[in-house]
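Asks: What follows is the residue order along each chain.
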Amino acid sequence: MFDDFFIRALIAGIGVAFVTGPLGCFVVWRRLSYFGDTLAHSALLGVTMALAFEINIAISIFIISSVIAIILVKLEKNTNLPGDALLGLLAHSALAVGLVVIGFLSFIRFDIMGLLFGDILAVNVDDLIIIWGGGAIILIVLKIIWKPLFASTVNYELAEAEGLNPDRAKAIFTILMAAIIAISIKIVGLLLITGMLIIPTAMARNISDTPKKMVIFSICGGLLSVIMGLFSSLQFNTPSGPSIIAAALLLFVISLFKIKQTIQLKN
Amino acid sequence: MTIENNVLVKLTEVGLKQRNKWLVKGVSLIVERGKIVTLIGPNGSGKSTTAKIAIGLHKNIEGNVEKFTDKIGYVPQKISIDWTLPLKVSDFMVLTDELDEEKINEALKLTGADHLKNQNLGNLSGGEFQRVLLARAVSKKPDLLVLDEPVQGVDFTGEIALYKLIKEIADKLNCGILLISHDLHTVMTATDHVICLNGHVCCSGTPKDVAMNNEYKLLFGEQASQTLSIYEHKHDHVHSNDGDIKKN
Chain Y
5 MFDDFFIRAL IAGIGVAFVT GPLGCFVVWR RLSYFGDTLA HSALLGVTMA
55 LAFEINIAIS IFIISSVIAI ILVKLEKNTN LPGDALLGLL AHSALAVGLV
105 VIGFLSFIRF DIMGLLFGDI LAVNVDDLII IWGGGAIILI VLKIIWKPLF
155 ASTVNYELAE AEGLNPDRAK AIFTILMAAI IAISIKIVGL LLITGMLIIP
205 TAMARNISDT PKKMVIFSIC GGLLSVIMGL FSSLQFNTPS GPSIIAAALL
255 LFVISLFKIK QTIQLKN
Chain H
527 MTIENNVLVK LTEVGLKQRN KWLVKGVSLI VERGKIVTLI GPNGSGKSTT
577 AKIAIGLHKN IEGNVEKFTD KIGYVPQKIS IDWTLPLKVS DFMVLTDELD
627 EEKINEALKL TGADHLKNQN LGNLSGGEFQ RVLLARAVSK KPDLLVLDEP
677 VQGVDFTGEI ALYKLIKEIA DKLNCGILLI SHDLHTVMTA TDHVICLNGH
727 VCCSGTPKDV AMNNEYKLLF GEQASQTLSI YEHKHDHVHS NDGDIKKN
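Same order as they appear, the protein sequences are chains Y and H. Going by this note's numbering, the first sequence opens with residue 5, and the numbers climb by one from there. Going by this note's numbering, the second sequence opens with residue 527, and the numbers climb by one from there.
Take the hints with a grain of salt, since some may be wrong.
Said to hold, decoys possible - The calculated lysine-lysine pairs, modelled on DSSO-like cross-linking and capped at a C-alpha distance of 27 Å, are:
(1) K604(H) to K151(Y)
(2) K585(H) to K614(H)
(3) K597(H) to K147(Y)
(4) K147(Y) to K629(H)
(5) K262(Y) to K216(Y)
(6) K551(H) to K614(H)
(7) K585(H) to K604(H)
(8) K635(H) to K604(H)
(9) K551(H) to K629(H)
(10) K604(H) to K547(H)
(11) K151(Y) to K547(H)
(12) K151(Y) to K643(H)
(13) K174(Y) to K597(H)
(14) K216(Y) to K643(H)
(15) K547(H) to K81(Y)
Read the hints as simulated data drawn from the structure, not as lab findings.
This is chain Y alone, in the form it adopts within the complex (with noise of 0.2 Å):
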């Protein structure tokens, strides 16, 4: 059943909405949806280490990301400049970087549409084993660095105080971020990737009154958002990346309309 891609497609989608749901919910949370942007267009030098070295794209993306979160932190701790504005110079830093390393590869073909916004034809079973092994390490380690992460996501100082390490899973969450976008890029493109984390979020957020609620909401909103996404993509032949999230998007809406009826119960 792996020969058709169009399963192959789905199969990888499902396995990164189970893991872009919990991951999304802390995006959302902890205020990271820059912080992902930032990840995810790196990763386009990470494709091009990947085409230039030829090793696993998956793991270049991990490796330039990750080296990305940590001169972020270098930089936030060593200059004045606000987060955001080191965020905007590093993501447009390295989309410019990975470009014109790409106009230096000109003897490679290389599909940068795919790139930018998704390729289902493009997911074999390699990608597969890669998207399932890795989003299993990434919610065993989201679940066991799960205590800390929250109770410093609600308040850093009483996480601190009460012998919790919130630096420590800040550390470890980074590099899960990272991980994450290295391998659903394949699915939803680097331009869109945080639209996957914080857009089922958001839609859950409408509908859930506590943390455990929203995370399942935020998985279910993914997975429906790319079962939704990739048929109409195969229906109108559109790119996959933006129909799933465009799904994602129509879900959200619907869920306004739910949230305006608890506000109007309230009043």
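Starting from the known structure of chain Y, fit chain H onto it as the hints suggest.
Replies: Just chain H, lined up with the frame of chain Y:
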């Protein structure tokens, strides 16, 4: 870690310098089991900073902090919770520690917040939130409680009751309490040891010693030293809820 002589945390000549300015300098204090140590002082005198140094929230400090316990309950002065996070009181109670249902109920009941259990944290008033914070800090039966103005925003009757409760908790759990307070009245009645801060230790000792101290009078005005005498008279009876007056 061993607990020697009931000492829970010991600060020796600690100080913190930020942007070339000393926030606090040369503060020494000891919190022991079953004792309440209170920090008083004007705004910006380094009370919260000292408390944070005691629980290890500040790095790069001068001096020496010895902690003999990891079981700490903390009520910070300011806490901002991001409302993008849907959080109920019952979820908040188990934030840093696993607790069973019974213990959660018990702690909430203790601080008069049991009716708030299923409320969303974002819907609480300042005083209600303060009660929940206090409940959360005591629920895990800590060795050391660090309370940074724990009753801010609580109504007047609630305030007195909560201070009384804090004293009871110190006795019952046999824990040490490091308390920061603006309310001189309560400080003078419920405390074993008072440290008056103003960037440095201005004076310290038993409530009585401090009230008589000239530097204290300079800092808080002549009236402040009278709070003690007013209170000592009231100390021989308590008012129960039904209006009875009981002798102590």
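Asks: For the pair supplied as a hint, K585(H) and K604(H), is the alpha-carbon distance within the 27 Å limit?
Replies: With Cα atoms ~19 Å apart, K585(H) and K604(H) stay inside 27 Å; holds.
Asks: Against the 27 Å threshold, does the CA-CA distance of K174(Y) and K597(H) hold or violate the hint?
Replies: 23 Å, holds
Asks: What's the verdict on K151(Y) and K547(H), does the C-alpha distance respect the 27 Å limit or exceed it?
Replies: With Cα atoms ~36 Å apart, K151(Y) and K547(H) exceed 27 Å; violated.
Asks: Quickly compare the C-alpha distance for K585(H) and K614(H) to 27 Å and report which way the hint goes.
Replies: It is violated: about 32 Å lies between the C-alpha atoms, which goes past 27 Å.
Asks: For the pair supplied as a hint, K604(H) and K151(Y), confirm whether the alpha-carbon distance does not exceed 27 Å.
Replies: Holds, at about 22 Å.
Asks: Please work out if K151(Y) and K643(H) have their alpha carbons no farther apart than 27 Å.
Replies: 21 Å, holds
Asks: Below or equal to 27 Å on CA atoms is what counts here, so check K216(Y) against K643(H).
Replies: 17 Å, holds
Asks: With a cut-off of 27 Å on the C-alpha distance, tell me whether K262(Y) and K216(Y) pass.
Replies: 18 Å, holds
Asks: Given the hint that K551(H) pairs with K614(H), test it: the Cα-Cα distance must not exceed 27 Å.
Replies: 40 Å, violated
Asks: Decide if the proposed pair is consistent with the structure: K147(Y) and K629(H), CA atoms, cutoff 27 Å inclusive.
Replies: 25 Å, holds
Asks: So if I understand the rule, the pair passes when the alpha-carbon distance is 27 Å or less; does K551(H) with K629(H) pass?
Replies: 40 Å, violated
Asks: Could you grab the alpha-carbon distance between K635(H) and K604(H) and see if it respects the 27 Å cut-off?
Replies: Distance ~23 Å between K635(H) and K604(H) Cα, so the pair holds.
In summary, the numbered hints that this structure violates are 2, 6, 9, 11.
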